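One letter stands for each residue in the lines below.
Protein chains: 2
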Amino acid sequence: MVRLGRLTDYALVLMTCIARGEGSSLRTARDLAKESKLPLATVSKILKELLQSGLLTSQRGIHGGYVLAKNPHEISVLEMIAAMEGPLALTDCSTDVTGLCNLESCCPIKTNQQIINQAVRGVLGKVTLSDLIQPLHLTAIRDANGKVLPMIASGRVQ
Amino acid sequence: MVRLGRLTDYALVLMTCIARGEGSSLRTARDLAKESKLPLATVSKILKELLQSGLLTSQRGIHGGYVLAKNPHEISVLEMIAAMEGPLALTDCSTDVTGLCNLESCCPIKTNQQIINQAVRGVLGKVTLSDLIQPLHLTAIRDANGKVLPMIASGRVQ
DNA sequence: CCGATACAGTACTGAATCAGTCCGGTTTTG
DNA sequence: CAAAACCGGACTGATTCAGTACTGTATCGG
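So the sequence lines, in the order shown, correspond to chains U and F. Residue numbers for the first sequence, in my numbering: 16 to 173. Residue numbers for the second sequence, in my numbering: 16 to 173.
Please keep in mind that the hints were generated in silico from the structure rather than gathered at the bench. Just so we're clear, the structure is a prediction, and the values are computed from it rather than from any experiment. A hint or two may mislead.
[As the list claims (entries may be wrong)] A few chain U positions that, by computed beta-carbon distances, are all more than 10 angstroms from chain F:
| hint | residue |
| --- | --- |
| 1 | ARG18 |
| 2 | SER39 |
| 3 | ASP46 |
| 4 | GLY79 |
| 5 | GLU94 |
| 6 | ALA104 |
| 7 | ALA134 |
| 8 | GLY137 |
[As the list claims (entries may be wrong)] Some chain U residues near chain F, calculated using beta-carbon distances under 8 angstroms:
| hint | residue |
| --- | --- |
| 9 | VAL17 |
| 10 | LEU22 |
| 11 | LEU55 |
| 12 | ILE77 |
| 13 | VAL82 |
| 14 | LEU83 |
| 15 | ILE96 |
| 16 | VAL138 |
By construction, the Cβ of each residue, glycine as well, lies at the ideal position given by its N, Cα and C atoms.
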């Protein structure tokens with residue numbers, strides 16, 4: 016299905032929760048678990064990974080919690096996905112690692128794969144956390160020909 | 016890693032092979048297996064799925080084989096991916112199926128997820144099989160702001 | 001008409017990945 | 001020092017996936 020892992024999905028939800036609560040100091044894992052209706056253990060695991068990727072900062076001890084490390088408009092969807100699943104690479108060929116593919120040097124479409132990857136990265140890099148809080152501002156997103164994607168305004172398409 | 020299945024990767028290779036050999040009548044599975052250096056059984060499986068999705072047409076019997084069902088520029092990468100992995104949906108929320116998510120109606124980011132999905136679909140829908148054969152023409156692909164993606168011409172970025 | 005060739009469809013299996021959980025440790029505060 | 005909260009790693013059951021095998025059906029040549 017070419018889908019994000021479920022944990023990545025949760026991560027987007029949690030980041031949105033934290034971003035919405037900005038200004039109200041720290042959010043605890045317990046707090047976020049209640050708000051997102053997800054199990055605490057799972058939430059902790061996700062927050063931990065987001066922390067290690069530098070998207071969150073934490074405060075330990077009683078009265079501890081998590082905050083965004085950057086402004087919401089500086090955190091792209093691409094970064095959040097990469098935090099949970101590692102660098103975005105739709106195929107083995109599009110990694111910088113060599114020796115994975117037995118076709119290696121003669122592979123006729125390696126370059127193309129990288130181009131496809133770059134296109135997807137470009138799009139995901141353009142959508143930021145602040146866009147997820149304010150959906151209507153997404154009208155700024157345009158397709159490959161520079162035309163605004165038709166469904167943004169109406170909220171739904173197909 | 017957010018990656019395509021390996022079989023999907025192979026499918027892109029095979030479709031490229033077939034597209035390149037256009038005009039030279041039918042390509043047999045055996046033939047394509049040899050050219051792509053993939054096991055015949057696997058190649059057959061992939062071609063079968065591409066057939067069922069209407070991207071290929073087949074001829075049975077001795078002297079049978081496969082041909083593209085459409086012109087290369089009418090077959091998008093999105094279609095090929097969908098043929099192998101089903102409809103592109105980065106998250107459960109972005110499917111048309113309901114009842115999968117326990118947050119359902121109150122989920123704060125459902126709309127956004129669909130927007131993200133649509134953005135990715137838009138990009139993948141713009142790249143066609145003919146683009147994969149003629150990499151240099153990909154300079155037509157632009158980012159969300161209408162600017163040409165920087166790495167296309169040079170073949171590589173980052 | 002018969003057999004060789006190639007597509008068509010299904011079913012199975014071993015491996016790899018993933019979600020989710022648990023447990024023990026460390027830091028801070030009252 | 002005890003409670004609250006973060007920190008880190010490790011384990012497990014389930015699910016998914018790649019790959020293979022086997023049987024069936026269609027077409028063509030002789």
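Here is what the structure says about each hint:
1. Residue placement check: U/ARG18 does not keep its beta carbon more than 10 angstroms from all beta carbons of chain F (closest about 5 angstroms).
2. For U/SER39, the non-interface assignment is confirmed: its Cβ lies about 16 angstroms from the closest Cβ of chain F, beyond the 10 angstroms cut-off.
3. Consistency note on U/ASP46: stated as away from chain F, and its beta-carbon is indeed over 10 angstroms from all of that chain's, at 16 angstroms minimum.
4. With a closest Cβ-Cβ approach of about 25 angstroms to chain F, U/GLY79 is found to remain outside the 10 angstroms limit, as its non-interface label requires.
5. Even its closest Cβ contact with chain F, about 13 angstroms, leaves U/GLU94 beyond 10 angstroms, as expected for a residue assigned away from the interface.
6. With 10 angstroms as the threshold on Cβ separation, the claim that U/ALA104 sits away from chain F is violated: the shortest Cβ distance comes to roughly 6 angstroms.
7. Listed as a non-interface residue, U/ALA134 fails to keep its Cβ farther than 10 angstroms from every Cβ of chain F; the least gap is roughly 5 angstroms.
8. In this structure U/GLY137 is not separated from chain F by more than 10 angstroms, as the shortest Cβ-Cβ distance comes to only about 5 angstroms.
9. With 8 angstroms as the threshold, the beta carbon of U/VAL17 comes within range of chain F, its nearest partner Cβ sitting at about 5 angstroms, so the hint holds.
10. Annotation: U/LEU22 was flagged as interfacial toward chain F, and the flag is violated, the nearest CB pair being 11 angstroms apart, outside 8 angstroms.
11. For U/LEU55, the shortest C-beta to C-beta distance to chain F is roughly 16 angstroms, which exceeds 8 angstroms, and the interface hint is violated.
12. Because the closest C-beta pair between U/ILE77 and chain F is about 29 angstroms apart, greater than 8 angstroms, the hint is violated.
13. Checking U/VAL82 against chain F: minimum C-beta separation of about 19 angstroms lies over 8 angstroms; hint violated.
14. For the restraint placing U/LEU83 at the interface with chain F, the shortest Cβ-Cβ distance is roughly 16 angstroms, beyond the 8 angstroms limit, so the hint is violated.
15. Proximity of U/ILE96 to chain F holds as hinted, the smallest CB-CB distance being about 6 angstroms (cut-off 8 angstroms).
16. With a cut of 8 angstroms, the hint placing U/VAL138 at the interface with chain F holds, because the nearest CB-to-CB distance is about 5 angstroms.
Comparing the model with each numbered hint stated earlier shows that hints 1, 6, 7, 8, 10, 11, 12, 13, 14 do not hold.
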